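A.B. asks: Please take these sequences and the hints and turn them into a complete structure.
2 protein chains.
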Amino acid sequence: MTQTSRRRPKRKSRSAGQLAKLPWKTLQYRHAPFELLGSDAIESIHRAALSILQETGMLILSTTAREYFRAAGFDTSPDSELVRFDSELIESLVQQAPSSFNLQARNPAKNLKIGDGHAVFTSVGGPAYVMDLERGRRTGSYAEMCDFIRLVQSLDILHQEGGGGFEAMDLPAASRHLDLFYAECTLLDKNWVPWTMGREQALDAIEMAAISLGQTPDDLVETPALCGIINTNTPLQLDIPMAEGLITMAEHGQASAVTPFTLSGAMAPVTLAGALALQHAEAMAGIALTQIVRPGAPVLYGGFTSNVDMKSGSPAFGTPEYLQAAQASGQLARRLGVPLRSSNVNAANAPDAQSAYESCLSLWGAISGQANMIKHAAGWLHGGLTASLEKLIIDAEILQMVATSLEPFEVNADTLALDAIHEVGPGGHFFGSAHTMERYQSAFYAPLLSDWSNYETWLESGSIGTEQHANRIWKQLLREYEQPPLDPAIDEALLTYVAQRKQTIDKAN
Amino acid sequence: MTQTSRRRPKRKSRSAGQLAKLPWKTLQYRHAPFELLGSDAIESIHRAALSILQETGMLILSTTAREYFRAAGFDTSPDSELVRFDSELIESLVQQAPSSFNLQARNPAKNLKIGDGHAVFTSVGGPAYVMDLERGRRTGSYAEMCDFIRLVQSLDILHQEGGGGFEAMDLPAASRHLDLFYAECTLLDKNWVPWTMGREQALDAIEMAAISLGQTPDDLVETPALCGIINTNTPLQLDIPMAEGLITMAEHGQASAVTPFTLSGAMAPVTLAGALALQHAEAMAGIALTQIVRPGAPVLYGGFTSNVDMKSGSPAFGTPEYLQAAQASGQLARRLGVPLRSSNVNAANAPDAQSAYESCLSLWGAISGQANMIKHAAGWLHGGLTASLEKLIIDAEILQMVATSLEPFEVNADTLALDAIHEVGPGGHFFGSAHTMERYQSAFYAPLLSDWSNYETWLESGSIGTEQHANRIWKQLLREYEQPPLDPAIDEALLTYVAQRKQTIDKAN
Numbered sequence: 001m002t003q004t005s006r007r008r009p010k011r012k013s014r015s016a017g018q019l020a021k022l023p024w025k026t027l028q029y030r031h032a033p034f035e036l037l038g039s040d041a042i043e044s045i046h047r048a049a050l051s052i053l054q055e056t057g058m059l060i061l062s063t064t065a066r067e068y069f070r071a072a073g074f075d076t077s078p079d080s081e082l083v084r085f086d087s088e089l090i091e092s093l094v095q096q097a098p099s100s101f102n103l104q105a106r107n108p109a110k111n112l113k114i115g116d117g118h119a120v121f122t123s124v125g126g127p128a129y130v131m132d133l134e135r136g137r138r139t140g141s142y143a144e145m146c147d148f149i150r151l152v153q154s155l156d157i158l159h160q161e162g163g164g165g166f167e168a169m170d171l172p173a174a175s176r177h178l179d180l181f182y183a184e185c186t187l188l189d190k191n192w193v194p195w196t197m198g199r200e201q202a203l204d205a206i207e208m209a210a211i212s213l214g215q216t217p218d219d220l221v222e223t224p225a226l227c228g229i230i231n232t233n234t235p236l237q238l239d240i241p242m243a244e245g246l247i248t249m250a251e252h253g254q255a256s257a258v259t260p261f262t263l264s265g266a267m268a269p270v271t272l273a274g275a276l277a278l279q280h281a282e283a284m285a286g287i288a289l290t291q292i293v294r295p296g297a298p299v300l301y302g303g304f305t306s307n308v309d310m311k312s313g314s315p316a317f318g319t320p321e322y323l324q325a326a327q328a329s330g331q332l333a334r335r336l337g338v339p340l341r342s343s344n345v346n347a348a349n350a351p352d353a354q355s356a357y358e359s360c361l362s363l364w365g366a367i368s369g370q371a372n373m374i375k376h377a378a379g380w381l382h383g384g385l386t387a388s389l390e391k392l393i394i395d396a397e398i399l400q401m402v403a404t405s406l407e408p409f410e411v412n413a414d415t416l417a418l419d420a421i422h423e424v425g426p427g428g429h430f431f432g433s434a435h436t437m438e439r440y441q442s443a444f445y446a447p448l449l450s451d452w453s454n455y456e457t458w459l460e461s462g463s464i465g466t467e468q469h470a471n472r473i474w475k476q477l478l479r480e481y482e483q484p485p486l487d488p489a490i491d492e493a494l495l496t497y498v499a500q501r502k503q504t505i506d507k508a509n
Numbered sequence: 001m002t003q004t005s006r007r008r009p010k011r012k013s014r015s016a017g018q019l020a021k022l023p024w025k026t027l028q029y030r031h032a033p034f035e036l037l038g039s040d041a042i043e044s045i046h047r048a049a050l051s052i053l054q055e056t057g058m059l060i061l062s063t064t065a066r067e068y069f070r071a072a073g074f075d076t077s078p079d080s081e082l083v084r085f086d087s088e089l090i091e092s093l094v095q096q097a098p099s100s101f102n103l104q105a106r107n108p109a110k111n112l113k114i115g116d117g118h119a120v121f122t123s124v125g126g127p128a129y130v131m132d133l134e135r136g137r138r139t140g141s142y143a144e145m146c147d148f149i150r151l152v153q154s155l156d157i158l159h160q161e162g163g164g165g166f167e168a169m170d171l172p173a174a175s176r177h178l179d180l181f182y183a184e185c186t187l188l189d190k191n192w193v194p195w196t197m198g199r200e201q202a203l204d205a206i207e208m209a210a211i212s213l214g215q216t217p218d219d220l221v222e223t224p225a226l227c228g229i230i231n232t233n234t235p236l237q238l239d240i241p242m243a244e245g246l247i248t249m250a251e252h253g254q255a256s257a258v259t260p261f262t263l264s265g266a267m268a269p270v271t272l273a274g275a276l277a278l279q280h281a282e283a284m285a286g287i288a289l290t291q292i293v294r295p296g297a298p299v300l301y302g303g304f305t306s307n308v309d310m311k312s313g314s315p316a317f318g319t320p321e322y323l324q325a326a327q328a329s330g331q332l333a334r335r336l337g338v339p340l341r342s343s344n345v346n347a348a349n350a351p352d353a354q355s356a357y358e359s360c361l362s363l364w365g366a367i368s369g370q371a372n373m374i375k376h377a378a379g380w381l382h383g384g385l386t387a388s389l390e391k392l393i394i395d396a397e398i399l400q401m402v403a404t405s406l407e408p409f410e411v412n413a414d415t416l417a418l419d420a421i422h423e424v425g426p427g428g429h430f431f432g433s434a435h436t437m438e439r440y441q442s443a444f445y446a447p448l449l450s451d452w453s454n455y456e457t458w459l460e461s462g463s464i465g466t467e468q469h470a471n472r473i474w475k476q477l478l479r480e481y482e483q484p485p486l487d488p489a490i491d492e493a494l495l496t497y498v499a500q501r502k503q504t505i506d507k508a509n
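Those protein sequences? They're chains V and Y, same order as listed. So that you can map any letter, position 508 of the first sequence is 508 in this note's numbering, and since no number is skipped, the others follow by simple counting. So that you can map any letter, position 47 of the second sequence is 47 in this note's numbering, and since no number is skipped, the others follow by simple counting.
Hints in this document: simulated from the structure, not taken from any laboratory. The structure displayed is predicted, hence computed values, not measured ones. It is possible that part of the hints are untrue.
Note: identical chains are not told apart, hence a pair may lie in one copy or across any two.
Heads up, simulated EDC-like pairs for lysine to aspartate or glutamate below, C-alpha to C-alpha not over 16 Å straight-line [unchecked claim]:
id: 1; residue 1: Lys110; residue 2: Asp156
id: 2; residue 1: Lys311; residue 2: Asp451
id: 3; residue 1: Lys311; residue 2: Glu438
id: 4; residue 1: Lys110; residue 2: Asp491
id: 5; residue 1: Lys25; residue 2: Glu43
C.D. replies: And the structure:
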């Protein structure tokens, strides 16, 4: 159960024993979701959101987006960027969004189903910095970013790569995304998240994803491969790059996760109900835009409501408020019939106990809220400013355990073991019984990271703490990484695309 | 919300600022519990347990207990310690157990309700060692044990003290329990867990609890004050001290938490269904014994099923199997209509990320399984061999957050904040709005331990990690501890009782 079928690494002598990575496994919720709020309360938040959209409206900074909204019948003005949203019209548009969709991966066995009770874990994306135990926090290079992507590929518990982990600061800003997409296309055989800050980035992602799959952008319309992360600019703004990214994705049949960053007490009301009403309003506006551009376009409802520490203004994550917001967001997304995107987040400064308990509370909220895509599922530190290599491994262990716990165990004559219990009898021991011997090798979850040795043994073997152990594991994973096979013609086509686009960008700059 | 109303400490100059301890608050489940298994599966486990009790039976090592079972009509033999349990008879006895009961505390505001959707957090009890950041792991003294009890008193999130934290190894083994009970009676005003290894210990606990409450043991029969932890000796044995402890508690109307330690793969079948069937059988036998001794006696169903690492034999805690067993145990306890005792456990060797994520998974199981008493809720390390002072604080933070997340937030016109959202408008900020200013001081959970400062600030202030911060907090709590008022006559009576009993014990040894 816990041993992977990966080929052994070539540099076998440096291997420190096979790591207990869970093999690729899709996740499914088999139980009723947790309903934190009553249906009346959910309805109140929904109606409040409709009222915000109708009465206050949103600033839509992109002319193209405003034009789409105007053409769909919404209240726009030539002198203003404000759009007001008729409630019936926006509800009817949101209803056109599908309850689930699929995303292609280069390895078809790793295609994703988003929605309808399925869940995927997506690695961290977006941080400015990278950090590890030896080198501390720093801006990352392209080579380091590629290593991070290799680690994400190695961990089968991560169903989707989340956008490079961190920025490659040694590359020119204007064309950096091309190098990221090339790395994502070639170092991974799983689905990956593109950058979609504006039309150019989104188009490049679509072109390169199509090349990597041996398809054309037109092929991808019916079988999407990409999901962009679209953040509204809370409160009640949609900026130009995000609007253009969303529109480009929808035009090409690709997905967006519309995610307002509603930080209660700062960019959102100090009350959780108000912050969620704002989240719900902005999410509906974004979802509606995807449906105007292409009815039936795949889209997720992004829930990212947390709060600030009112003393310092620092954002908090993995708190009771975060947990509750994640649970309520599940209810709100289900109210709309749209898949939910949630996150595994923390505000810790080191991959220590705080980072772990805040992450676990985030995941508790996401899983009990039945999120369908859990972004930043592994590697997020410093409130999202940093991708941590050790936290990546710590999170992978937590995710492996959470995934395993979602599969109910079997209850039947074999597993009830009445004969074995009778045979062992009072005061006996099950270690040597036939029932145990037949099953022990695959009986239980085997940890990737956790050390269960007793204290004396642990002291004797050098008191290796969890962070230090995680450090050894990512190094071993990196040594053992093998690039998934890629048709050299596809690699060539990707390189050609990148080179041509860089030329165009260089000329423009 | 997060500031306590405690009087300021006398040595004010040494205080490092007021700690954000949640005030005393009872916990209640307001939602349907998570049902991991279908009702057919639960019924199969229940029937398997009945079959184990009827066909295989249990070794009941105590003559008194066997006599109770024989008198109730169970199948015993004069030549053997084996008891076989008629299914109908044991089911009818278990049905007599109440679905909830109350436990008195010296401070009536801290009386506990056990069962019927209520939950209490109980501090660690049972470890042989104590550990902290500076002094490492060691056997503890009585003075250190008293400090541990003072910390438990200081943390209002802990509803019940769990049995001293660790053993006072500088005191004679035969009378050590008297010193523990004296400390529990005098340093706490909350409910405490006694040791109940045999009749003498249990009787001493009852006598001293009665004295501390200004009552008699007879008074306690209808208004119990004590709950003993009774472990069966898995598989299928009940040893003499535990049987006598249980019987003595039930005779005096006091509660027991009957807790089989069904370690899957070692003392229980390698399959979780089998381990739970064994747990359920042993728990039913213990629960039935309490009802034979005193129909309607308060009792809990203890769920403590985990598994061993099949490579090393080490017990594992806070794993997917543990989480699932806790959830299923909730279903099994509800099947019997008896309150559930669960635990917050981990197998880590340091209060680091592993200890935190294993604890969080344990708590996830306990809370989603709707446990009514969560033992070892704070301070457990090394698979239960050690009470850790830093882990006590880390767990208190986690418990405070979990408790807060169990209270749904309000959704009404005030909290939906439509006026504030309209007033702030697109692109604005809520920091200065009237809606925020009126509410910000008590808006959000304030952490006891977590550090949300940004990385630069954190580095500048010395990179204090979570464990080190926890170390500072327990020291501050200890400095600020104030003993709850106690009638000097009661103190005198307790001291006299202890002195007399020590004389008797000394003579006997």
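A.B. asks: State for each hint whether it applies.
C.D. replies: Verification of the supplied hints:
1. Taking the shortest alpha-carbon separations for Lys110 and Asp156, only the intra-copy value of 10 Å comes in at or below 16 Å, while the best inter-copy value is 48 Å.
2. Taking the closest pair of Cα atoms, Lys311 and Asp451 come within 16 Å of each other only across two copies (12 Å); inside a single copy the shortest separation is 38 Å, beyond that limit.
3. Proximity of Lys311 and Glu438 under a CA criterion of 16 Å is satisfied inter-copy only: 14 Å between copies versus 58 Å inside one chain copy.
4. In this homomeric assembly, Lys110 and Asp491 never come within 16 Å of each other (Cα to Cα): the closest approach is 20 Å inside a single copy and 69 Å across copies.
5. In this assembly of identical chains, Lys25 and Glu43 lie within 16 Å of each other by CA distance neither inside one copy nor across copies; the values are 35 Å within and 30 Å between.
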